[in-house]
Amino acid sequence: MPDLYIFKAQIGMFDPVALQDHNVRLHYQQAVHYRKVDFFEGIPPFQCVDIAAGIGLPALTPTARVNVVNLEMADNEFGLWRWYPIDDAQIRLYHPAGIAKYQLRNLQVPVDENILFRDPNLVSTEIAVWQNNRPAVEAVNAHAFALGAVRLIALGYRYHTVNLEGTAKGADPELVKAIQLGKAPCTDVWCSGRGIGD
Amino acid sequence: MLLANKEGIIVTGPLIALVPGGVGTSLIVFTIPVLAGQLIGLKSAKIRKVMLHNNGAGNTTVLLGNGVAGVGVPQILPAFDSMNNLTASYYADADFPEFESFANIAAWTPAVAGTISIRLEVAVIG
Numbered sequence: 016m017p018d019l020y021i022f023k024a025q026i027g028m029f030d031p032v033a034l035q036d037h038n039v040r041l042h043y044q045q046a047v048h049y050r051k052v053d054f055f056e057g058i059p060p061f062q063c064v065d066i067a068a069g070i071g072l073p074a075l076t077p078t079a080r081v082n083v084v085n086l087e088m089a090d091n092e093f094g095l096w097r098w099y100p101i102d103d104a105q106i107r108l109y110h111p112a113g114i115a116k117y118q119l120r121n122l123q124v125p126v127d128e129n130i131l132f133r134d135p136n137l138v139s140t141e142i143a144v145w146q147n148n149r150p151a152v153e154a155v156n157a158h159a160f161a162l163g164a165v166r167l168i169a170l171g172y173r174y175h176t177v178n179l180e181g182t183a184k185g186a187d188p189e190l191v192k193a194i195q196l197g198k199a200p201c202t203d204v205w206c207s208g209r210g211i212g213d
Numbered sequence: 325m326l327l328a329n330k331e332g333i334i335v336t337g338p339l340i341a342l343v344p345g346g347v348g349t350s351l352i353v354f355t356i357p358v359l360a361g362q363l364i365g366l367k368s369a370k371i372r373k374v375m376l377h378n379n380g381a382g383n384t385t386v387l388l389g390n391g392v393a394g395v396g397v398p399q400i401l402p403a404f405d406s407m408n409n410l411t412a413s414y415y416a417d418a419d420f421p422e423f424e425s426f427a428n429i430a431a432w433t434p435a436v437a438g439t440i441s442i443r444l445e446v447a448v449i450g
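Taken in sequence, the protein lines are chains A and B. Under the working numbering, the first residue of the first sequence carries the number 16, and numbering increases by one thereafter. Under the working numbering, the first residue of the second sequence carries the number 325, and numbering increases by one thereafter.
If you're looking for bench data, these hints aren't it; they were derived computationally from the structure.
Cβ-to-Cβ under 10 Å is the rule here; a few derived chain B residues that face chain A:
| no. | residue |
| --- | --- |
| 1 | 331 |
| 2 | 364 |
| 3 | 365 |
| 4 | 366 |
| 5 | 367 |
| 6 | 368 |
| 7 | 424 |
| 8 | 425 |
| 9 | 426 |
| 10 | 427 |
| 11 | 449 |
| 12 | 450 |
DEER-style ranges, computed between Cβ atoms:
| no. | chain 1 | residue 1 | chain 2 | residue 2 | range |
| --- | --- | --- | --- | --- | --- |
| 13 | B | 336 | A | 91 | 42 to 52 Å |
| 14 | B | 448 | A | 73 | 16 to 26 Å |
| 15 | B | 355 | A | 87 | 29 to 39 Å |
| 16 | B | 370 | A | 22 | 31 to 41 Å |
| 17 | A | 28 | B | 343 | 47 to 57 Å |
| 18 | A | 210 | B | 339 | 50 to 60 Å |
| 19 | B | 398 | A | 91 | 43 to 53 Å |
| 20 | B | 412 | A | 71 | 25 to 35 Å |
| 21 | A | 70 | B | 348 | 26 to 36 Å |
| 22 | B | 398 | A | 35 | 53 to 63 Å |
Where chain B lies over chain A, by a calculated footprint (3+ residues, C-beta under 8 Å):
| no. | stretch |
| --- | --- |
| 23 | 63–71 |
| 24 | 156–169 |
Beta carbons are placed, not taken as given, at the ideal position from N, Cα and C, and that holds for glycine.
Can you make the complete structure from the sequences, with help from the hints?
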């Protein structure tokens, strides 16, 4: 069995969390989905959003919350993403838009360009996106001058999955039961943040 | 992702002969790449090198800005010296601070007797 799990550290492109025919348990807020991977592909690094919407971000100003629609996936698919900014703002991530990500008791930890020095593999930025349940971001410009843009680069994997639950083609209730009992292999994938006390 | 610490693809702008006459005769010396339907997201350019050749224009200066041709301003860097009949090269980090431009880059020179040739090398980001 390959050694696959989330938040894996390595140089270069990061490992997928599952391969062809592997089982995954997708967590989206309180919902749990048992799925099997039937296709996946790598997604090269691309500019997924300009949070300042092409008009720049004035000095000492935060942006409104912006949905990252370019990270949405099609039905039955989830995306595994790592990301970093290429402009010097602090980024707050929400996943989905109403739930703060990287949330501690007293602080929502932001991400800035220093992530490339402090966490070169971008391990700590890893998120998963289930179907169209995309994340959202805010940018904070702490400089005394305007920024021309606040752009994020994302890279990762696209997974197409089949539902193991229910009665549709591909369903396998016995396998779901085996996964729940810990008798069949499965990778847990978190596709959202979680509210404090939730 | 270790190599991502240094973003940017180095490209060179066209060779432009500036028309002496002040900011009103400014010309675009580097155009930010924009092609609707092909590029994802916003591109910017960090100026890496500025190369000048003075064609008998006398001792003068060359200025860079973010305005359109014929407008030039706002100016984005201090003036670069250009000595009569000589070539000059200026390098980011060594001779001027790295400046990231989100708009096309224009250049101009005061009203002088000859022309000044200019070429920029930039790192395209995004």
